[in-house]
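Chemist: Hey, can you work out the whole structure from these sequences and the hints?
So the protein sequences, as listed, match chains A and B.
Here the first sequence stands for residues 5 to 375, where the numbers follow this note's numbering.
Here the second sequence stands for residues 5 to 375, where the numbers follow this note's numbering.
Treat each hint with caution, since some may be false.
One copy or two, either will do: identical chains are not told apart, so a pair holds if it fits within one copy or between any two.
Result set (EDC-like, lysine to aspartate or glutamate): computed pairs, CA atoms no more than 16 Å apart in a straight line [unchecked claim]:
(1) K61 with D190
(2) K228 with D90
(3) K375 with D359
(4) K223 with D318
(5) K228 with E108
The hints are simulated quantities; they were obtained by calculation from the structure and are not laboratory data.
There are 2 protein chains.
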Amino acid sequence: MTDIHFNKEKGSQLKLFTPGPVHVPERVLKEMAKPNDTHRSKPYSEMHQMVAEGLQKLLYTKNECLIFTSSATGIMEACVRNLVNDDEKALFFSIGAFGDRWYEIGVSNGKKSIKQGVEWGKAITSEVAQEALNNDKYSVVFIQANETSTGVYNPINELAPIIKESGVLLCVDATSSMAGVKIEVDKLGIDVCLASVQKCFAVPPGLAVCSVSTAAFEKAEQVKNRGLYFDLIDLKKRHVAKYQTPTTPPIPQIRALTAQLDYILNEEGLDKRFERHEQLAKHTRKWVNEINLEMFPEKGYESNTVSTIKNSLDIDIPKMVSMLLSKGYRIVNGYGQLANKTFRIGHMGEIQIKDLEKMLKVLSEIIDDLK
Amino acid sequence: MTDIHFNKEKGSQLKLFTPGPVHVPERVLKEMAKPNDTHRSKPYSEMHQMVAEGLQKLLYTKNECLIFTSSATGIMEACVRNLVNDDEKALFFSIGAFGDRWYEIGVSNGKKSIKQGVEWGKAITSEVAQEALNNDKYSVVFIQANETSTGVYNPINELAPIIKESGVLLCVDATSSMAGVKIEVDKLGIDVCLASVQKCFAVPPGLAVCSVSTAAFEKAEQVKNRGLYFDLIDLKKRHVAKYQTPTTPPIPQIRALTAQLDYILNEEGLDKRFERHEQLAKHTRKWVNEINLEMFPEKGYESNTVSTIKNSLDIDIPKMVSMLLSKGYRIVNGYGQLANKTFRIGHMGEIQIKDLEKMLKVLSEIIDDLK
Numbered sequence: 005m006t007d008i009h010f011n012k013e014k015g016s017q018l019k020l021f022t023p024g025p026v027h028v029p030e031r032v033l034k035e036m037a038k039p040n041d042t043h044r045s046k047p048y049s050e051m052h053q054m055v056a057e058g059l060q061k062l063l064y065t066k067n068e069c070l071i072f073t074s075s076a077t078g079i080m081e082a083c084v085r086n087l088v089n090d091d092e093k094a095l096f097f098s099i100g101a102f103g104d105r106w107y108e109i110g111v112s113n114g115k116k117s118i119k120q121g122v123e124w125g126k127a128i129t130s131e132v133a134q135e136a137l138n139n140d141k142y143s144v145v146f147i148q149a150n151e152t153s154t155g156v157y158n159p160i161n162e163l164a165p166i167i168k169e170s171g172v173l174l175c176v177d178a179t180s181s182m183a184g185v186k187i188e189v190d191k192l193g194i195d196v197c198l199a200s201v202q203k204c205f206a207v208p209p210g211l212a213v214c215s216v217s218t219a220a221f222e223k224a225e226q227v228k229n230r231g232l233y234f235d236l237i238d239l240k241k242r243h244v245a246k247y248q249t250p251t252t253p254p255i256p257q258i259r260a261l262t263a264q265l266d267y268i269l270n271e272e273g274l275d276k277r278f279e280r281h282e283q284l285a286k287h288t289r290k291w292v293n294e295i296n297l298e299m300f301p302e303k304g305y306e307s308n309t310v311s312t313i314k315n316s317l318d319i320d321i322p323k324m325v326s327m328l329l330s331k332g333y334r335i336v337n338g339y340g341q342l343a344n345k346t347f348r349i350g351h352m353g354e355i356q357i358k359d360l361e362k363m364l365k366v367l368s369e370i371i372d373d374l375k
Numbered sequence: 005m006t007d008i009h010f011n012k013e014k015g016s017q018l019k020l021f022t023p024g025p026v027h028v029p030e031r032v033l034k035e036m037a038k039p040n041d042t043h044r045s046k047p048y049s050e051m052h053q054m055v056a057e058g059l060q061k062l063l064y065t066k067n068e069c070l071i072f073t074s075s076a077t078g079i080m081e082a083c084v085r086n087l088v089n090d091d092e093k094a095l096f097f098s099i100g101a102f103g104d105r106w107y108e109i110g111v112s113n114g115k116k117s118i119k120q121g122v123e124w125g126k127a128i129t130s131e132v133a134q135e136a137l138n139n140d141k142y143s144v145v146f147i148q149a150n151e152t153s154t155g156v157y158n159p160i161n162e163l164a165p166i167i168k169e170s171g172v173l174l175c176v177d178a179t180s181s182m183a184g185v186k187i188e189v190d191k192l193g194i195d196v197c198l199a200s201v202q203k204c205f206a207v208p209p210g211l212a213v214c215s216v217s218t219a220a221f222e223k224a225e226q227v228k229n230r231g232l233y234f235d236l237i238d239l240k241k242r243h244v245a246k247y248q249t250p251t252t253p254p255i256p257q258i259r260a261l262t263a264q265l266d267y268i269l270n271e272e273g274l275d276k277r278f279e280r281h282e283q284l285a286k287h288t289r290k291w292v293n294e295i296n297l298e299m300f301p302e303k304g305y306e307s308n309t310v311s312t313i314k315n316s317l318d319i320d321i322p323k324m325v326s327m328l329l330s331k332g333y334r335i336v337n338g339y340g341q342l343a344n345k346t347f348r349i350g351h352m353g354e355i356q357i358k359d360l361e362k363m364l365k366v367l368s369e370i371i372d373d374l375k
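Modeler: Spelled out as structure tokens, the structure:
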């Protein structure tokens, strides 16, 4: 343990175009280094309240917004444990690795879990959803908004009404879309909408957040063996009473999130932010077309926050990633079974069009060399 | 959301003498603000490895040391879910609020949980332990080293051999003692030894760590419904293969921990660090005696990291805490049922004797005013 300062210089130059953790602006990093009082202090409660109220605005909801000391996967597990009784069935729509993970969470927690998948690269359509829901009686439905592995965005605005019509609770994993894509929680009737902060929020990892509907809280009260760490009822109790958490939360990330919510809501503004993410995605797809590559997702369902690109030129992806890294930019290989068959460019958080243009120019030259 | 910089000035002056989160030195805060690569990068794996190897030295163990994106309570839940089969019984020794919490975790996860408590302020003695173990057949025993609520340190060096003799797995919650008190994991046969980093490590909250024995991993493989988020087998797999975690970890806290482990092991040194914590506790107890207060814990079992002090002078504790706060120091009221009957001074992490002396001088004057 001689040199703890590895990557100190490199780190400060490296610009992440990743699907998370993403590039964190200097002003947000500075928030991470501020000294804090304890999690039972008034200054903490003030921060917690600002996060909760900021998230309500961001998600267009009156639902309580809770803070979790976990990654988004922790809240995915919380949904399964709090909302599904052992004698009920849960339906997991999966369009990629994170949909599969949610299903595995269902199975590994001993819940009766049914997976409805589609070929990777495709989205869940209204027809697929309706058919799956007609097949059996479910109590809860789990679905990704944006699937980080395939870069597909489910048509959640069309799917939510169909799913809710069947009388279930609806949990939406918005990990790589919350704060980058408009999600109107109350209008869509989403019972739990969850995300971690190291994606579109551009905050360092270690914190996850979600909105929870009254119906979801009421259901949780009836579910046995919810455990303690992810118990929604206990989390709500502390949140409502004092804007606090039952266990010690990641205060630096919460402080950074207050700064980012302030920036998102009051500086950039929601509409401009969602528009910028749309433009970043369009710009990337235009580049993909120009360089004779192809998008992996089915046309019309491409994500606004991460572009998954088919390796149709048979490029040596690890080499490409490594060459780009030496130029100060990180993009990433495909996820799991999609490694080397695809690669991914993240364009979320505080990435601007001019940043993207610069990086793509360098990447074009590297691809020219490699193809 | 007009002023996100609340407590900015105050925060930088405030000195925490708390039982966690504790005062974080400037050099550690700076680590929190450094830019990081992703959790699938080589620089991350290097940090992860440094933490794992540093913890092995700190805990005198060859056991794998794992990283959790949770508070210590998360690992307490992981122990229950991974190590206790539904047809087995688990024994929870409790000497205060955190012992009670571990028992509640057992119950709320549907495990057959037996609690053996003693009057708050007392420790588990060898006799109490032996008698409890004789009463029934248990598969796992859960116990605190330091109980943060009562300020009692269980005689873990005497208890561990007795507990292990009964053939169980032994889980020790060392949350407020790890890195402040010597715990020889391999010598004592501790199967899981866990802590969060916002106590004796003096790192901001949002990260928890533990050592896990081979026997514990082997047991976990046989336990059903372990869930996914806290699955020890999955965590071990990623850790051994690549020094990574299955889900995105709190990288800033991990970076800060590498810096602190380097400082603890190579700058201050373990023996000096444990000795300093002992001296801080002795100094506090001497002050308690001089000011005509009394320690809450039974004599001989007082914690080296947090002093729980009986309110024998009938002081207005909230007023005392508030007056001290206005002088730039935070101590805290008693925990839960001990509020106003006791108060607590934390002396862990990087607190030095001269810091403690300064604070106690100010506190003495306030108590003189109030009594």
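Chemist: Sort out which numbered hints this structure fails and list those numbers smallest first.
Modeler: Violated hints: 3, 4; rest satisfied.
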